[in-house]
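Asker: Read off the chains here:
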Amino acid sequence: MVGWEIYDGRAKVLPLANIDTDQLIPARFMSVPRSEGYGSYLLHDMRRDASGALRLEFPLNGASPATALIAGANFGSGSSREAAVYALVDAGYRAVFAPSFGDIFASNAINNGLLPARIEPETYEELVSWIGASFCDVQIDLQNGCASFGGKEVDFQLDETWRMKLINGWDDIDLTQQYASEISQFGKIYAQAAPWAVPLVSD
Amino acid sequence: MSEPKTLLDKLWASHEVLRREDGVSLLWVDRHLVHEGSHHAFAKIAARGLPVAAPNNTVAVVDHYAPTRTRDKIADPQVVRMIDTLRQNAKSHSLRIFDLDDPAQGIVHVVGPEQGLTLPGLLINCGDSHTSTHGAFGALAFGIGATEVAHVLATQTIWQKKPKAMRITVDGVLGVGVTAKDIALHWIARLGTGGAQGHSIEYAGGTIRGLTMEGRMTLCNLSIEGGARFGMIAPDEITKDYIKGRSYTPRGDQWLAAEAAWDELLTADDAVFDTEIHIDAADIEPTVTWGTSPEQALPISAKLPDPAKLDAQKSELAFKALEYMGLSKGQNLAGTPVDQVFIGSCTNGRIEDLRAAAAVLTGRRAKVPGLVSPGSQLIKAQAEQEGLDKVFTDAGLEWAASGCSMCVGMNGDLVEIKKRCASSTNRNFKGRQGRGARTHLMSPSMVAAAAVTGEITDVRTLLQDRNI
Numbered sequence: 075m076v077g078w079e080i081y082d083g084r085a086k087v088l089p090l091a092n093i094d095t096d097q098l099i100p101a102r103f104m105s106v107p108r109s110e111g112y113g114s115y116l117l118h119d120m121r122r123d124a125s126g127a128l129r130l131e132f133p134l135n136g137a138s139p140a141t142a143l144i145a146g147a148n149f150g151s152g153s154s155r156e157a158a159v160y161a162l163v164d165a166g167y168r169a170v171f172a173p174s175f176g177d178i179f180a181s182n183a184i185n186n187g188l189l190p191a192r193i194e195p196e197t198y199e200e201l202v203s204w205i206g207a208s209f210c211d212v213q214i215d216l217q218n219g220c221a222s223f224g225g226k227e228v229d230f231q232l233d234e235t236w237r238m239k240l241i242n243g244w245d246d247i248d249l250t251q252q253y254a255s256e257i258s259q260f261g262k263i264y265a266q267a268a269p270w271a272v273p274l275v276s277d
Numbered sequence: 287m288s289e290p291k292t293l294l295d296k297l298w299a300s301h302e303v304l305r306r307e308d309g310v311s312l313l314w315v316d317r318h319l320v321h322e323g324s325h326h327a328f329a330k331i332a333a334r335g336l337p338v339a340a341p342n343n344t345v346a347v348v349d350h351y352a353p354t355r356t357r358d359k360i361a362d363p364q365v366v367r368m369i370d371t372l373r374q375n376a377k378s379h380s381l382r383i384f385d386l387d388d389p390a391q392g393i394v395h396v397v398g399p400e401q402g403l404t405l406p407g408l409l410i411n412c413g414d415s416h417t418s419t420h421g422a423f424g425a426l427a428f429g430i431g432a433t434e435v436a437h438v439l440a441t442q443t444i445w446q447k448k449p450k451a452m453r454i455t456v457d458g459v460l461g462v463g464v465t466a467k468d469i470a471l472h473w474i475a476r477l478g479t480g481g482a483q484g485h486s487i488e489y490a491g492g493t494i495r496g497l498t499m500e501g502r503m504t505l506c507n508l509s510i511e512g513g514a515r516f517g518m519i520a521p522d523e524i525t526k527d528y529i530k531g532r533s534y535t536p537r538g539d540q541w542l543a544a545e546a547a548w549d550e551l552l553t554a555d556d557a558v559f560d561t562e563i564h565i566d567a568a569d570i571e572p573t574v575t576w577g578t579s580p581e582q583a584l585p586i587s588a589k590l591p592d593p594a595k596l597d598a599q600k601s602e603l604a605f606k607a608l609e610y611m612g613l614s615k616g617q618n619l620a621g622t623p624v625d626q627v628f629i630g631s632c633t634n635g636r637i638e639d640l641r642a643a644a645a646v647l648t649g650r651r652a653k654v655p656g657l658v659s660p661g662s663q664l665i666k667a668q669a670e671q672e673g674l675d676k677v678f679t680d681a682g683l684e685w686a687a688s689g690c691s692m693c694v695g696m697n698g699d700l701v702e703i704k705k706r707c708a709s710s711t712n713r714n715f716k717g718r719q720g721r722g723a724r725t726h727l728m729s730p731s732m733v734a735a736a737a738v739t740g741e742i743t744d745v746r747t748l749l750q751d752r753n754i
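Keeping their order, the protein sequence lines are chains A and B.
Using our numbering, read the first sequence as starting at 75 and increasing by one per residue.
Using our numbering, read the second sequence as starting at 287 and increasing by one per residue.
Simulated from the structure, these hints should not be mistaken for lab results.
Just so it is clear, the structure is predicted and the values come from calculations on it, not from any experiment.
Idealized CB from N, CA, C, for every residue including glycine.
Keep in mind that a hint or two might mislead.
Derived Cβ-Cβ restraints for the label pairs, each shown as a range [as the list claims (entries may be wrong)]:
| id | chain 1 | residue 1 | chain 2 | residue 2 | range |
| --- | --- | --- | --- | --- | --- |
| 1 | B | 367 | A | 136 | 29 to 37 Å |
| 2 | A | 127 | B | 751 | 52 to 60 Å |
| 3 | A | 252 | B | 614 | 54 to 62 Å |
| 4 | B | 450 | A | 252 | 24 to 32 Å |
| 5 | B | 447 | A | 128 | 35 to 43 Å |
| 6 | B | 598 | A | 208 | 20 to 28 Å |
| 7 | B | 341 | A | 252 | 22 to 30 Å |
| 8 | A | 248 | B | 342 | 22 to 30 Å |
| 9 | A | 194 | B | 304 | 31 to 39 Å |
| 10 | A | 78 | B | 309 | 20 to 28 Å |
Cut-off 20 Å, straight-line C-alpha distance, at most; resulting in silico cross-link-like pairs (SDA-like, lysine to any residue) [said to hold, decoys possible]:
| id | chain 1 | residue 1 | chain 2 | residue 2 |
| --- | --- | --- | --- | --- |
| 11 | B | 704 | A | 102 |
| 12 | B | 330 | A | 252 |
| 13 | B | 600 | A | 200 |
| 14 | B | 704 | A | 121 |
| 15 | B | 291 | B | 554 |
| 16 | B | 296 | B | 525 |
| 17 | B | 296 | A | 263 |
| 18 | B | 330 | A | 106 |
| 19 | B | 448 | A | 88 |
| 20 | B | 330 | A | 244 |
| 21 | B | 330 | A | 204 |
| 22 | B | 606 | A | 118 |
| 23 | B | 600 | A | 88 |
| 24 | B | 606 | A | 132 |
| 25 | B | 359 | B | 698 |
| 26 | B | 704 | B | 564 |
| 27 | B | 653 | B | 623 |
| 28 | A | 226 | A | 204 |
| 29 | B | 330 | B | 381 |
| 30 | B | 447 | B | 305 |
| 31 | B | 450 | B | 613 |
| 32 | A | 262 | B | 299 |
| 33 | B | 615 | B | 588 |
| 34 | B | 447 | B | 307 |
| 35 | A | 262 | A | 273 |
Just chain B, same shape as in the assembly (with noise of 0.2 Å):
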């Protein structure tokens, strides 16, 4: 008899052309999203004078570059550079792809599930270590270098050793305002930045299937920042319904076919992981980070950390840390002053995140300025459709255009040095939102309440006389 599989088991297997006698396997990549960092890899095969193997199974997305503000005139002429050098070679190689002026221009990792170009069962690899929310729907999707971009753009395959399989089960009933980033920030402050390296992680039990699409792709985003390469989650029902019926979606037979392969997808009961993590979701709380590792995040109530306290390892990164936030040991976590806000980003850019933060901030004033760039031109018109739009700009925030925008800053969007951002996004590491900038990462509707009080708030005390 064969060893129960895990989800990764199938995955790999159905994907693997061969194995070398190193144990390497060479896997078959169904889609591969490139965007404009990509143009190493672009300049590689042209060196060698190498076509794209499978222009259909290669799309392009304007996202790390894109302007937020005026997209018909950029000032910045490397920023123009940047997209002009993806557009060209889209064109050379007869790519599909997503540019600025597309109603489905975004993030990648937000306009591959929303077009049904992310299914269960395929195998996803972009330039970019945030591609595991692609896991979200049980795809086995990782984030490549250059180098590996270039190998997939010429052979669409890619050489890899299987991860070693870890299981993170949380189970039992989310509190009022503990969304998927909090699950996400507390497991990786329990486990540390490098605590899933050579891993690859599968969510599972009763809060994880509760999740919508928008939640498991938030905490599949994320396990890059807990070290892990690849985040999965079996697909259910909740996936087959966000699926269909999208521009890519299988349809007729196609799709019936894949609802029977899709439902094979699970782990076996009796299957064995490396590594076994169990949560008690009643134990998280709103989560905010206070450092520039996403490991230095804590529970709303607490206070930060005495770097004295802490062992040998911990000790001198948390007092760097708090030297660089400019923040004193010992004081309260909640009440930290902030400069600005931002909600976007592949974590948390969705509808349901705009929703969240919309539902804490209707009727209220922000008292900091902050900026708010949906995760795809079709959440923005979706997000207008529903007036959320407007509950953004009546508080005072800025409502701008798809990109990755400010967490990475790439485009400009940047935070001044030492300015503090409470922000939506997935790096809290020195410098990532601008030289000097100072971030604390929570969720969406985290994020609205600091809007709203000007510091670092429980977001719980503003949600009581609403009906979430």
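Next up, chain A with everything else stripped away, as it sits in the complex (with noise of 0.2 Å):
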């Protein structure tokens, strides 16, 4: 993974709250491999009408992409389906602002580069408010937890492990291998202590 550290972008608003992931990818779509990219599969039962034509009057429908988005409160809340940050990262996005995320859905964007800023409720509306139905471009800085809306500056909060993270696009599984031999003396020490933990096999 690539890590990143200033971003320009364009952003959007999409200004509704309990976008859960079910929403961001209904589950239809999730036996596709990576590979054939997941971006068109984005907010889809809301972009498309059933024949699966975009809806005109959909914020996110404009004739060109944004690359941020800035949504209401509880982003991603429940599935742990991961296919949810990949809809948002295959469609171009490199963040998201909203004033709440779902814990799963925050961890498994930080794996994959997309940024879950959170920002107070009354940011939230402030942007709204300024940025209405149209585009808007902004810079994020994830050094100093701080973006700018079209001029318009606003800070937003960012666990410290998770901001390194996507500063150094580390990779945990890198990174674990380090630690090899500290895991493999747990490991030890461990099926002592509770050997009763260490899986049977049937009967």
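Assembling the complex is the task here: the two chains are given apart, and the hints tell you how they should meet.
Answerer: Structure, rendered in structure tokens:
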């Protein structure tokens, strides 16, 4: 994964709260291999009518796509499906700004280089009025935890560990392999301390 | 003197391999459950050429795409491919798989406990948000995403920051017809669907102690619907009685050692929680969701809200939810006609759930069609032995095989557009049971009541002449 620190993109508001991961990507699209891309499934049933055609009135269906999303509270609640993050990333999104996020969604986002930027509810309301239905240029500064939406400066909250992970593009498996001896040592002690926890082979 | 510890503190400490300077812990994983949806994670370790680090700690279950009607000939090639991929991955990594033809196949969160794979004191991961179910045994159990699944496969560990601790204490006697499902919908309605975000919930109090393991699993299962990745209940004699003698349960001296360890798994009297919630069981009625979020739930006696009278944040959500659900403000929740019913899922597909539904349906006919999919094939067999299948089919409902089925619709068991389903499942999200489907979450006995009358009904009116 490639790390990043400053990002210039275009922001769009999706003024809805409780956008759960079932809405971000309906379950029926999740059997597709990642290599085929998940972008076209993003918010599929909101963006498209029953025939699959794009609904022109839907905020994200503009002529040129946004790369940062501003949405209501509790974004990404529900199912642990990482495909919800794949859909956003494959559609070109690099950041979501919302007053709160589902816990599993937020960690999935970090694992895919997508910023889940937590903003105050008042900041969210201000951005909704500031940007309205149009697009807005945005510059995101990960290091300093702030973003400029067409000149409007906004602070966001991000767990310090997650900030470092995004900036450095760290991969957890690589990181963990550095601790191989600690893990192996722990495993041995654990098996002695709690031998009952070692899985039995069934009869 | 050290700080008095919570159950969470104890479980965390016993699995902590190390803690980084930034406070993030590397935790040892005792059981890792995988399903068809884990294909992304297997692809990730394959791309790195990594093996599964601990195949004996990893168990595969076919559930999300499992056909519930015909298993020998699956029509949808995508479903076939998803199941085959899991089969291939299980084979190449030497994993125990509960495949479609296995008499113990079922939903991963039903199979784990049923097989004795789930035990108190363990850390259990699965790429599914309802992994919190296993916390009912006093385990540290939480759902993870595909990248994390790949990490557990490759290292048998997981990085995690310790969550805040919340305790929900429920005391008092639950009324007739009021179940663990109603406790869950009650607290989620009160705290909101994000109310427990960032927290681990411990359920405590006399009412919780009085719940069976099935009820405790239902309650812990729904923790994620209130935002909590973890839900847990300290183990006791009820827990041990449930576990003893199952396929993978420790035996002999190991059982005695396990019991001794499990007896320590309780929160100290003077331990401090970040948040404490108290609920009086007598305040809980049979509870039903009316909207498109689990927090949009009301007692069966209530009327639907007027969005204009709610605070600004909830108002718009309520307005949109009523519109999607095809309902009007102010109407009685009871009496809302339904098109179909569903009984099953990792939330409410266990034997006790089937018995509760059957108790309402015995000698009655359903006015609407419906599907009953037991949580596992073992539960299906047990229900058939008890004659419950006959109760369902005599009532006019379809008796099917086990899987996630109509809770998530991945196997093709779908609710059609604008159809209203009384459902014993866990999510009433837009489109969850099928595009445009309208889901009302409730307990299995409430679903049975809706089947009998063809409308959302207070099950207590149907229990009056019955000895429950």
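Asker: So, for every hint listed, does it hold in this structure?
Answerer: Hints and how they fare:
Roughly 35 Å separates the CB atoms of residue 367 of chain B and residue 136 of chain A, a value that falls within the hinted 29 to 37 Å. Remark: the range hint 52 to 60 Å for residue 127 of chain A to residue 751 of chain B is upheld by a beta-carbon distance near 54 Å. In this structure, residue 252 of chain A and residue 614 of chain B meet the distance hint of 54 to 62 Å, their C-beta atoms being roughly 60 Å apart. One distance hint, 24 to 32 Å for the beta-carbon pair residue 450 of chain B and residue 252 of chain A, holds here, with the actual separation near 29 Å.
Residue 447 of chain B and residue 128 of chain A have their C-beta atoms about 39 Å apart, which keeps the hinted 35 to 43 Å range intact. Checked against the given bound of 20 to 28 Å, the beta carbons of residue 598 of chain B and residue 208 of chain A, roughly 23 Å apart, stay inside it. With their beta carbons about 23 Å apart, residue 341 of chain B and residue 252 of chain A fall inside the hinted range of 22 to 30 Å. Judged by the Cβ atoms, the range 22 to 30 Å given for residue 248 of chain A and residue 342 of chain B holds: they are separated by roughly 25 Å.
Between residue 194 of chain A and residue 304 of chain B the CB atoms are about 34 Å apart, so this pair conforms to the stated range of 31 to 39 Å. For the hinted restraint 20 to 28 Å between residue 78 of chain A and residue 309 of chain B, the CB-CB distance of approximately 24 Å keeps it satisfied. Straight-line distance between C-alpha atoms of residue 704 of chain B and residue 102 of chain A comes to about 18 Å, which keeps the hinted pair within the 20 Å bound. A hinted pair counts as satisfied when its Cα atoms are at most 20 Å apart, and residue 330 of chain B with residue 252 of chain A qualifies at roughly 19 Å.
For a cut-off of 20 Å, the pair hint linking residue 600 of chain B to residue 200 of chain A stands: about 18 Å separates their Cα positions. At roughly 18 Å between alpha-carbon atoms, residue 704 of chain B and residue 121 of chain A fall within 20 Å of each other, so this suggested pair holds. Between residue 291 of chain B and residue 554 of chain B, the direct Cα distance comes to roughly 6 Å. Compliance with the 20 Å bound is thereby established for this hinted pair. Between residue 296 of chain B and residue 525 of chain B the alpha-carbon distance is near 18 Å, which keeps this suggested pair within the 20 Å criterion.
For the given pair, residue 296 of chain B sits about 17 Å from residue 263 of chain A by alpha-carbon distance, which is consistent with the 20 Å threshold. Distance hint between residue 330 of chain B and residue 106 of chain A is fulfilled; the C-alpha atoms sit about 15 Å from each other, no more than 20 Å. Restraint check for residue 448 of chain B and residue 88 of chain A: the C-alpha separation of about 32 Å exceeds 20 Å, so the hint is violated. Between the alpha carbons of residue 330 of chain B and residue 244 of chain A the distance comes to roughly 15 Å, so the proposed pair stays at or under 20 Å and holds.
In summary, the hint linking residue 330 of chain B to residue 204 of chain A is not supported, as the alpha carbons are separated by about 41 Å, beyond the 20 Å threshold. Distance hint between residue 606 of chain B and residue 118 of chain A is fulfilled; the C-alpha atoms sit about 18 Å from each other, no more than 20 Å. The suggested pairing of residue 600 of chain B with residue 88 of chain A holds, with an alpha-carbon distance near 17 Å, which does not exceed 20 Å. Distance check on the hinted pair: residue 606 of chain B and residue 132 of chain A sit about 15 Å apart at the alpha-carbon level, within 20 Å; holds.
A hinted pair counts as satisfied when its Cα atoms are at most 20 Å apart, and residue 359 of chain B with residue 698 of chain B qualifies at roughly 14 Å. For the suggested pair residue 704 of chain B and residue 564 of chain B, the alpha carbons sit about 38 Å apart, so the restraint of at most 20 Å is broken. Under the criterion of a C-alpha separation no larger than 20 Å, the hint pairing residue 653 of chain B with residue 623 of chain B is consistent with the structure, at around 10 Å. Restraint check for residue 226 of chain A and residue 204 of chain A: satisfied, since their Cα atoms lie roughly 8 Å apart, inside the 20 Å limit.
With a C-alpha separation of about 17 Å, the suggested pair residue 330 of chain B and residue 381 of chain B falls inside the 20 Å cut-off, and the hint holds. The hinted pair formed by residue 447 of chain B and residue 305 of chain B meets the criterion: a straight-line CA distance of about 9 Å does not exceed 20 Å. Simply put, residue 450 of chain B and residue 613 of chain B have alpha-carbon atoms about 38 Å apart, too far for the 20 Å limit, and the pair is violated. A threshold of 20 Å between alpha carbons decides the hint, and for residue 262 of chain A with residue 299 of chain B the separation of about 16 Å falls inside it, so the pair holds.
For the suggested pair residue 615 of chain B and residue 588 of chain B, the alpha carbons sit about 11 Å apart, so the restraint of at most 20 Å is met. Distance hint between residue 447 of chain B and residue 307 of chain B is fulfilled; the C-alpha atoms sit about 12 Å from each other, no more than 20 Å. Taking the CA atoms of residue 262 of chain A and residue 273 of chain A, the gap is about 14 Å. The hint holds against a cut of 20 Å.
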